[in-house]
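Number of protein chains: 2
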Amino acid sequence: MFAIGIDIGGTSIKGAIVNDTGKVLTRFAMDVNKNASGEDEVNRFCDVMIKSINDYDNSIKLEGIGIGMPGILDMDKGVVITSPNLPKWNGLHISKLISKRMGLPVYINNDANVATLGEARFGSGKEYSNLIMLTLGTGVGGGIIIDNKLYDGNKHMGAELGHMVIRVNGEKCGCGRRGCFEAYASATALIRDTKKEMDKCPDSLMHDVSKELGKINAKVVFEASRRGDKAAIRVMKRYVNYLSEGILNYCNIFRPEVVVLSGGVANEGDYLLDQVRHYLKNHKYGMKGSPKVELKVASLGYDSGKIGAACLVFE
Amino acid sequence: MFAIGIDIGGTSIKGAIVNDTGKVLTRFAMDVNKNASGEDEVNRFCDVMIKSINDYDNSIKLEGIGIGMPGILDMDKGVVITSPNLPKWNGLHISKLISKRMGLPVYINNDANVATLGEARFGSGKEYSNLIMLTLGTGVGGGIIIDNKLYDGNKHMGAELGHMVIRVNGEKCGCGRRGCFEAYASATALIRDTKKEMDKCPDSLMHDVSKELGKINAKVVFEASRRGDKAAIRVMKRYVNYLSEGILNYCNIFRPEVVVLSGGVANEGDYLLDQVRHYLKNHKYGMKGSPKVELKVASLGYDSGKIGAACLVFE
Chain P
1 MFAIGIDIGG TSIKGAIVND TGKVLTRFAM DVNKNASGED EVNRFCDVMI KSINDYDNSI
61 KLEGIGIGMP GILDMDKGVV ITSPNLPKWN GLHISKLISK RMGLPVYINN DANVATLGEA
121 RFGSGKEYSN LIMLTLGTGV GGGIIIDNKL YDGNKHMGAE LGHMVIRVNG EKCGCGRRGC
181 FEAYASATAL IRDTKKEMDK CPDSLMHDVS KELGKINAKV VFEASRRGDK AAIRVMKRYV
241 NYLSEGILNY CNIFRPEVVV LSGGVANEGD YLLDQVRHYL KNHKYGMKGS PKVELKVASL
301 GYDSGKIGAA CLVFE
Chain V
1 MFAIGIDIGG TSIKGAIVND TGKVLTRFAM DVNKNASGED EVNRFCDVMI KSINDYDNSI
61 KLEGIGIGMP GILDMDKGVV ITSPNLPKWN GLHISKLISK RMGLPVYINN DANVATLGEA
121 RFGSGKEYSN LIMLTLGTGV GGGIIIDNKL YDGNKHMGAE LGHMVIRVNG EKCGCGRRGC
181 FEAYASATAL IRDTKKEMDK CPDSLMHDVS KELGKINAKV VFEASRRGDK AAIRVMKRYV
241 NYLSEGILNY CNIFRPEVVV LSGGVANEGD YLLDQVRHYL KNHKYGMKGS PKVELKVASL
301 GYDSGKIGAA CLVFE
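If you're matching them up, the sequences are chains P and V in order.
Using the working numbering, the letters of the first sequence correspond one by one to residues 1 to 315.
Using the working numbering, the letters of the second sequence correspond one by one to residues 1 to 315.
The hints are simulated quantities; they were obtained by calculation from the structure and are not laboratory data.
A few of these clues could be false.
Okay, derived cross-link-like pairs now, SDA-like style, lysine to any residue, Cα gap no bigger than 20 Å in a straight line [claimed, not checked]:
hint	chain 1	residue 1	chain 2	residue 2
1	P	Lys237	V	Val168
2	P	Lys155	V	Val168
3	P	Lys88	P	Gly10
4	P	Lys172	V	Ala187
5	V	Lys281	P	Cys175
6	P	Lys155	P	Ser83
7	P	Lys215	P	Lys155
Take these sequences, add in the hints, and give me the full structure.
Dropping the structure here:
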């Protein structure tokens, strides 16, 4: 079986033909023009898609198209309610539009759920029936797999795992509350704390590293901390503390078999994970007698969204 | 169909014959002797049970026995691993023991899960397929129903809904972490905060109310606050704030159809619930476009554990 998986982001739309063993056969992409209407952009992407299918194999039998997209969606009707990064798409009947152009059934779900499905079926989660995925990016996205099924709550509006308050009255969050997990464990939060510490410590190596990298991003603190910079180590310690407390919460709530971390920050791999594992081990990693929860980095990288979107079709 | 539901607590064991429409046909109970062995106490309760069955109807056909019990259990093997309030029961093969004496299959689960099952099948949750129950008592217990099924995580060790940190580095919790929901939303936490405020405010009405009641319990702050006492209103406000933040977290994580509150504090009913509803409404009760989550008080009262335990048999 073959399907198309589409991963819509704020700056580009990426797609792929994927088979039902999770293999990506061909990839295609298009930059988004934020000033154009959602309808125009989707039509333009359909052109790209049609050309790519024909270039790859114009006799391929596709079962359907799956889409992962950020924002608030009416998944049953296939409508974008609000998408903060693509405001011109608000109200767009995206599934109907693509289905009509392509003559295929279209399924949509939010980007974090779709990436979780990809990792659960063909990535780091494939050996487990119960998992939590946390995507540490601009925000913190989440996905929940229970008994091998995606769980996303009433009307698909749950699994907002970044919006669990871990510090009442804490840092402001984009959602309107204060102290959300996202406000401490996202790359955005890490960069905010990096900048604060750099302002306080003009001698920190973080200044040199950010000059080398040409900007202040999440890599600055990791690199400076690897080189032994005390200020960077303080920022890392605080980040690991909050990230781990959030993970511990999800262990106690779900007791999954595995927690999978994805997103730019998670790509730091064992340098980050070992510090988190150390914290978890020393801070009541579950109740007495509880089975251990594994901690892993997502393995599909940037393909998890496209592969997961194709899974919406296969299931 | 008929089954026996048993609700084991730190001071007494309660049981009932329940039919499969959730009706309690007869109740029986026994005080626990904490100095006796678990085996002796369970045997003594079996005598009470046998007598009660014979007194009720010695020809009744029972399908089995369900047990709800606090502590860490091996539910598959029916063994008490550790029970903080009944330390002499640690290691007890409770299911085997009762099954042998009674000649019936025995099922066991923790008390919070069992009470949730009772409310979900025959109480405040019976019209819903997805619900969260929070029991506000000595601790905060929790139960999760997803697609009409009890969800309790890997090896039944999840659904520890009281042990989600809502204030990193906050109040000490019995579990060993700091800042758990339980450390702010339990009756124990409310009493701790009541006492603190009473020490600070010698003129508070809470002193009079506690003298009337003969002790300082969770009722003191409710009664004094109903009478307009400013210090009590401050304690209530803080309690409602933390309780509501925890509930909001569970809305964002699960987006259930309903959150059911039980336990002594929840019995204050609408006086408490209206304040919580007011807070939720003004603090981003879910994401934009999200379906509303209902908030209800458990309706089975002290029978929820016994009825829920019987449900373990029927299912």
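A quick look at each hint next to the structure:
Only pairs whose Cα atoms come within 20 Å are accepted, and P/Lys237 paired with V/Val168 is accepted, the gap being roughly 14 Å. In summary, the hint linking P/Lys155 to V/Val168 is not supported, as the alpha carbons are separated by about 31 Å, beyond the 20 Å threshold. With a C-alpha separation of about 11 Å, the suggested pair P/Lys88 and P/Gly10 falls inside the 20 Å cut-off, and the hint holds. For a cut-off of 20 Å, the pair hint linking P/Lys172 to V/Ala187 is broken: about 29 Å separates their Cα positions.
The suggested pairing of V/Lys281 with P/Cys175 holds, with an alpha-carbon distance near 14 Å, which does not exceed 20 Å. Simply put, P/Lys155 and P/Ser83 have alpha-carbon atoms about 17 Å apart, close enough for the 20 Å limit, and the pair holds. Of the pairs offered as hints, the one joining P/Lys215 and P/Lys155 is violated, with about 40 Å between alpha carbons and a cut-off of 20 Å exceeded.
Comparing the model with each earlier hint shows violations of hints 2, 4, 7; every other hint is respected.
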